[in-house]
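Chemist: Listed here are the chains, written in short residue letters.
Number of protein chains: 2
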Amino acid sequence: MTDAPLATQAPPGGDGLLDSGQPAAGLAADALAAHLAAEAAGFLRELPSVDLHTLRRVGAALHTFEQLLDPGWSQDLREELARLGLLLGQERAYGRRLARLLAGLDSLTCTDTTGPERTAGPVPQQREAEGLLARHPGAPKARALLERQLTLGRSRAHTTALQELGSARFHALADRMTLLVSDLPLRPAADRAPANALLPCAVAEASVLVGAVEALPLERGAVPYTGDMLHDPGDDQPWHQLRGLVLRTQYALEVCGPLLGARAARPAAALSDLARVLARHRDAAEAAEAAALAALTPRITPATAYVLGVVHADQRLEVEAARHVFSSTWPDLDRSGWLTDAWLTNR
Amino acid sequence: MTDAPLATQAPPGGDGLLDSGQPAAGLAADALAAHLAAEAAGFLRELPSVDLHTLRRVGAALHTFEQLLDPGWSQDLREELARLGLLLGQERAYGRRLARLLAGLDSLTCTDTTGPERTAGPVPQQREAEGLLARHPGAPKARALLERQLTLGRSRAHTTALQELGSARFHALADRMTLLVSDLPLRPAADRAPANALLPCAVAEASVLVGAVEALPLERGAVPYTGDMLHDPGDDQPWHQLRGLVLRTQYALEVCGPLLGARAARPAAALSDLARVLARHRDAAEAAEAAALAALTPRITPATAYVLGVVHADQRLEVEAARHVFSSTWPDLDRSGWLTDAWLTNR
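Sequence order for the protein chains is A and B. Everything in the first sequence is counted per our numbering, starting at 239 for the first residue and increasing by one. Everything in the second sequence is counted per our numbering, starting at 239 for the first residue and increasing by one.
These are calculated hints, taken from the structure and not from any lab test. Keep in mind that a hint or two might mislead.
Heads up, the list lumps identical chains together, so a pair's fine if it works in one copy or across two of them.
Taking lysine to any residue pairs in the SDA-like style, the calculated list, with each CA pair at most 25 angstroms apart, reads [said to hold, decoys possible]:
#1 K379 <-> A530
#2 K379 <-> S287
#3 K379 <-> R407
#4 K379 <-> P471
#5 K379 <-> R481
#6 K379 <-> R294
#7 K379 <-> S393
#8 K379 <-> R334
#9 K379 <-> T535
#10 K379 <-> P536
#11 K379 <-> R414
#12 K379 <-> R458
#13 K379 <-> G499
#14 K379 <-> G391
#15 K379 <-> L322
#16 K379 <-> L571
#17 K379 <-> R394
#18 K379 <-> A541
#19 K379 <-> V288
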């Protein structure tokens with residue numbers, strides 16, 4: 239994984255442009271080319287394994303800075319990267335779902351004396367901890383059922399991924415990434431744009447994010463225990479899309495890091511935290527769905543189905559908790575005035 | 239129901255003692271006798287129906303101010319009142335459980351356009367609301383099952399209550415309440431104690447409450463979404479007992495209202511709010527248990543059992559929400575320094 243912000247990486251084609259702290263000189267195209275070249279080189283170095291973060295970072299940069307890039311070429315490459323990311327991501331997604339559901343179920347059925355491992359809140363007092371489903375007759379069968387179904391899904395996704403990595407389509411993509419290391423296809427006038435031209439692109443990306451957040455019921459999400467995730471969950475999809483927007487804005491800030499200097503650090507860190515919260519949201523929502531699907535398996539016992547109902551609700555509670563964290567922390571970032579015109583010129 | 243604080247009631251045997259705003263004169267026994275006489279008169283007036291609040295208020299006063307009362311007599315009467323309250327409370331408890339479970343299930347399965355009714359949080363935006371179990375095939379059967387089982391339980395409790403109200407034991411209790419209107423059995427020296435002697439009794443009651451609260455994991459409860467109600471619920475019992483202690487302290491403050499004047503209003507209101515939160519805790523815990531019991535019914539379908547699992551988890555979430563509210567609001571009351579020696583003497 240290459241999660242370090244770009245500002246801390248040595249610029250491969252450095253010409254003084256990326257010296258942070260200095261007013262940015264140089265050209266936007268050079269800075270963008272250096273960023274994409276570094277990511278593409280990383281992609282090629284890792285082959286035959288593929289880092290999904292790299293795919294996402296390249297795709298995000300192609301999207302955010304598309305005004306500088308050859309439109310047909312960048313659109314094509316973005317679609318290929320998105321398709322590959324989705325396809326290769328399935329195996330890992332099944333793994334995450336499986337791990338999350340088994341951990342949840344084990345915690346629901348635990349009879350430890352040390353207490354179950356939970357992420358939120360202070361450490362509970364040392365005492366006999368016991369999940370609500372401890373010794374429930376349906377728990378072992380529900381566990382076996384979830385394990386069987388999700389392991390099967392993961393195996394299938396693994397096979398599909400292997401086929402993809404051996405395909406002509408994948409090799410064509412690798413060739414395009416090779417080209418990206420040395421030669422970035424630009425729009426006609428883009429090669430003379432100053433480095434500062436990157437900033438409006440990042441601002442536009444941030445505006446899309448802000449607009450998407452404003453369409454969500456954050457005020458309600460900030461109230462704990464509304465029970466909405468069971469009683470009125472609405473659509474999960476806008477929240478899932480939000481994660482993509484948060485990451486794109488985070489990556490845009492990293493590309494602009496040299497232009498923004500230290501001021502980029504706080505919003506970048508905040509966005510990274512929010513992306514993690516939204517990943518938890520996605521994982522919990524998918525796990526809840528997997529539990530609901532498992533409950534539709536023919537010929538399961540009522541006890542198994544009951545346990546799956548509790549597991550389903552437990553994961554939806556995690557969805558609600560993630561929305562609560564996002565809804566409570568977003569206003570802080572928003573109030574900081576990040577990536578507004580005033581924030582940009584104040585340097 | 240007689241929920242108005244005593245301070246606003248005309249003292250039946252008034253001798254100027256209960257004029258709030260004035261330094262308290264008169265005797266503790268007279269004030270207590272007046273309070274108990276008013277409650278007992280209310281009890282007799284309502285017959286043959288019984289107000290459970292009255293039973294609880296009389297029992298609480300007998301407990302809090304037992305140092306003034308004939309110990310054998312007050313202990314006996316308290317036990318009779320507690321037994322009757324428990325017995326007559328069953329019918330209403332089944333009714334509350336039934337109403338709560340059906341409302342929860344209806345909300346989980348709703349497909350309204352106006353959104354489900356929820357108590358917490360701002361009003362959701364007007365849009366298509368849909369519970370997580372909307373159109374679930376198990377929902378109608380689960381609803382019918384819960385309705386059947388809890389209606390049966392309520393009917394049985396009703397029969398038991400009717401038998402009790404016709405029993406010699408109940409008539410003996412009514413006779414004792416009649417005596418209470420005119421003649422309060424005191425300890426030998428208690429009849430000369432000044433009205434201020436009521437205060438240490440109320441302080442002692444409050445200390446018991448504070449001690450019980452301090453034994454609970456409030457710091458953790460104040461963190462939302464720990465998931466403890468499913469994963470590590472601990473014992474509900476201390477929280478149920480807490481409600482009794484909160485009410486006893488609230489009633490003690492009301493008896494002492496004339497001595498304390500306006501300063502009693504804020505803690506009394508806070509205690510009343512906390513008692514309501516703990517009643518919600520109790521109702522949700524009992525409803526969750528009823529859903530779990532219903533899931534043990536032989537020959538139910540897996541779909542029905544699944545729905546009951548979700549309903550169970552939903553009610554446990556309500557338990558967690560109630561503990562969260564209690565844990566978040568108690569510190570405010572505690573910080574106010576109410577019923578400490580300093581608070582008592584500052585008048």
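Chemist: May I ask which of the numbered hints given earlier this structure violates, with the numbers listed in increasing order?
Modeler: As far as the earlier hints go, 2, 3, 5, 6, 11, 12, 13, 15, 16, 19 are violated by this structure, in ascending order.
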